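A.B. asks: Here the protein sequences come in this chain order: E and R.
According to the working numbering, the first sequence is numbered sequentially starting from 126.
According to the working numbering, the second sequence is numbered sequentially starting from 126.
Source of the hints: derived by calculation from the structure; they are not laboratory data.
Treat the hints with caution; some may be incorrect.
Restraint-style ranges between C-beta atoms, simulated for each label pair [unchecked claim]: (1) R/A429 - E/Q441: 31 to 37 Å; (2) R/A376 - E/R481: 44 to 50 Å; (3) R/A403 - E/L338: 26 to 32 Å; (4) R/A376 - E/E388: 55 to 61 Å.
No experiment lies behind these values; they were computed from the predicted model shown.
Glycine included, each C-beta is placed from N, C-alpha and C at the ideal position.
One letter stands for each residue in the lines below.
Protein chains: 2
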Amino acid sequence: MRPAPARVGDAIAAIESPALVIDLDALERNIARMAAFARERGLRLRPHAKTHKSAQIARLQIAAGAVGVCVQKTSEAEALAAQGIADIFISNEVIAEDRLARVAALAQRVRLAIAVDSPLGVDRLARAVQAAGSTIDVFVEVDVGQGRCGVAPAAAGGLARLVASHAGLRLAGLQAYHGGAQHIRASTEREAAIRLAVRGVSAARAAITSLGLACPLVTGAGSGSFPFEAASGVYGELQAGSYVFLDRDYADNEPAAHAPAFEHALFVLARVISRGTAHAVIDAGHKSHAIDSGLPAVWQRELAFANGGDEHGILQTRGGLGGVSAVLPALDETVWLVPGHCDPTVNLHDHYVCVRGGLERGVVEAIWPVDARGCVT
Amino acid sequence: MRPAPARVGDAIAAIESPALVIDLDALERNIARMAAFARERGLRLRPHAKTHKSAQIARLQIAAGAVGVCVQKTSEAEALAAQGIADIFISNEVIAEDRLARVAALAQRVRLAIAVDSPLGVDRLARAVQAAGSTIDVFVEVDVGQGRCGVAPAAAGGLARLVASHAGLRLAGLQAYHGGAQHIRASTEREAAIRLAVRGVSAARAAITSLGLACPLVTGAGSGSFPFEAASGVYGELQAGSYVFLDRDYADNEPAAHAPAFEHALFVLARVISRGTAHAVIDAGHKSHAIDSGLPAVWQRELAFANGGDEHGILQTRGGLGGVSAVLPALDETVWLVPGHCDPTVNLHDHYVCVRGGLERGVVEAIWPVDARGCVT
């Protein structure tokens with residue numbers, strides 16, 4: 126692991142660039158607001174840790190009321206379990222037999238859940254769990270509109286019956302996440318997409334219960350849509366993850382009517398290393414922030430970020446040529462970037478630099494490792 | 126660091142997915158072909174290690190004739206120097222004083238060069254080097270068309286004089302890289318862009334030599350354009366890096382007339398974890414490969430990769446609906462992805478799984494760490 130780009134007690138000016146920086150005050154407010162939202166509606170909250178990959182942030186979320194966390198990969202679950210997180214849902218399919226053996230072994234040490242969407246996956250999981258002598262919660266994943274993983278609602282019953290037929294597999298309910306709905310800008314259109322998802326969930330649940338099986342829990346929802354799943358009367362658990370940091374792409378959504386007001390809590394600190402007459406070049410590019418959801422925004426500056434490649438960003442003033450050089454940052458000046466997409470941005474860094482007291486006059490209160498960085502297997 | 130996704134001696138089938146895999150035979154041919162190209166033209170070759178971030182690959186390149194490597198960041202230089210690479214050019218500006226102190230300290234241990242494009246940068250570098258009692262080669266960076274870092278050609282003379290005025294700074298020549306030209310598809314248009322770049326270089330060199338200063342070396346060029354810089358009579362050193370792996374984006378270029386034939390040598394192994402009737406979902410998304418230069422290609426399969434988010438890719442058959450399910454890969458089947466852009470893809474992984482004997486029946490011959498992964502500072 127690289128040395129961290131700052132030390133506890135450092136002033137902002139002492140943080141090396143580029144660095145992944147958390148505004149702790151904003152982070153804590155985001156965590157509290159989402160916890161209150163779920164608590165007030167009697168819903169379970171299981172935030173997605175694929176966003177932060179951090180046991181420390183998972184602990185803060187659990188302390189605020191979350192029942193545990195979701196992850197996407199077996200190795201993410203292992204990394205967080207190794208740091209004491211004891212209730213983890215791998216909200217994804219695992220099909221390779223050697224990987225399922227690891228899943229089954231992990232289920233001996235923590236409360237573990239997993240998603241399935243194929244008979245082969247169920248049979249292999251059952252064999253792995255039997256060999257390990259462990260038990261695991263199993264959610265049947267239903268495709269509610271994204272067209273990625275999951276069975277069609279009508280097929281959920283048959284797969285649930287297969288799950289229930291195996292000792293060691295506890296039929297826990299339905300995994301129903303509509304990733305495609307999260308960044309639809311208009312709130313009414315997101316709501317319409319989730320209305321269709323809820324219809325699919327209801328059909329899948331009926332397919333299960335019509336077989337005389339229980340469907341204890343429907344889990345899903347993301348930071349763009351969770352108020353709609355929460356109001357559905359069908360979902361019992363929310364998996365939103367990005368709310369903890371609020372990336373630029375989520376902030377660009379028209380907010381839903383009853384959504385808490387989240388704040389940007391994750392930034393990339395960057396520094397001007399070259400300065401032209403009409404542009405400034407900073408030391409942060411594709412290797413410092415992910416651009417799959419668009420380029421980062423420059424925080425509280427009238428500056429546009431243009432693609433400068435892997436290790437550079439190009440800053441230009443917004444809105445015309447007048448007075449350009451007056452407002453461009455100077456050589457060695459720092460700026461804060463709001464990543465387009467937090468999850469893969471976090472995955473580029475080994476450490477969070479955690480600042481208390483704001484981005485201007487704050488102090489580094491902690492350095493947290495990105496525990497599950499690079500855990501793609 | 127994560128456990129590696131394979132062990133030496135493993136068969137292909139035993140490699141965990143997703144994994145970053147090198148076809149060693151192809152890698153070695155690429156290294157030999159570029160070395161021969163430079164040698165036959167009497168040019169120095171200093172491949173860019175920002176592509177591979179690996180001391181082992183740097184050693185192979187140096188053994189084949191390279192004079193050393195380029196890097197983009199101080200921490201990359203430190204990581205490679207720690208593994209024994211002794212001749213490194215930071216082909217980029219460094220402006221922060223604490224970072225320049227590290228540059229100066231590193232210059233005590235290895236032959237180090239750096240680029241400059243501002244008087245402030247030169248003055249700070251000179252102070253840092255003086256404080257450390259070290260010396261460093263300094264290239265004046267000239268903007269030859271990319272509009273990123275570098276001074277205008279006419280300004281190169283003044284900056285070179287400033288460099289030459291400082292003890293500890295050896296004026297080494299010009300850094301002149303045209304990143305914007307590398308992916309122009311038509312070979313004649315790339316050639317035209319480099320012709321303009323060469324004009325800028327010639328003007329910058331004249332601006333330096335007219336002051337009675339020597340301009341010992343012009344260094345630059347990338348994997349898309351190096352045959353043109355090589356033929357210019359002006360460039361003395363080539364910095365191409367991506368040739369070693371050949372990403373999809375470079376393969377999409379129309380090759381230059383005299384370019385060696387490079388091969389894809391870097392792949393991401395992915396596995397089908399979910400299977401619909403008209404699509405298959407693999408376990409590799411934005412956290413396994415970078416998409417800043419477009420989505421990956423599926424190697425030797427008539428399959429199109431569609432964006433499935435951070436941890437998933439969606440495969441569909443190319444060319445219509447007929448016989449779709451016949452050629453889609455099955456659940457648990459593996460496919461090889463050719464990354465759109467190798468450099469930031471490598472930066473996501475901790476290890477290279479190095480295969481000898483081809484991707485079908487090969488064997489894992491080595492596991493190499495990505496030594497400078499995450500070195501953005």
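A.B. asks: Quick one: are R/A403 and E/L338 within 26 to 32 Å, going by C-beta?
C.D. replies: Holds, since R/A403 and E/L338 (Cβ atoms, about 29 Å apart) stay within the stated range.
A.B. asks: When you take the CB atoms of R/A429 and E/Q441, is the distance between them in 31 to 37 Å?
C.D. replies: Given range 31 to 37 Å: holds, Cβ gap about 35 Å.
A.B. asks: State, for the Cβ atoms of R/A376 and E/R481, whether the hinted interval 44 to 50 Å holds or is violated.
C.D. replies: holds (48 Å)
A.B. asks: CB of R/A376 to CB of E/E388, is that within 55 to 61 Å?
C.D. replies: Roughly 43 Å apart at Cβ, these two residues miss the hinted range, so it is violated.
When held up to the earlier numbered hints, the structure conflicts with hint 4 and nothing else.
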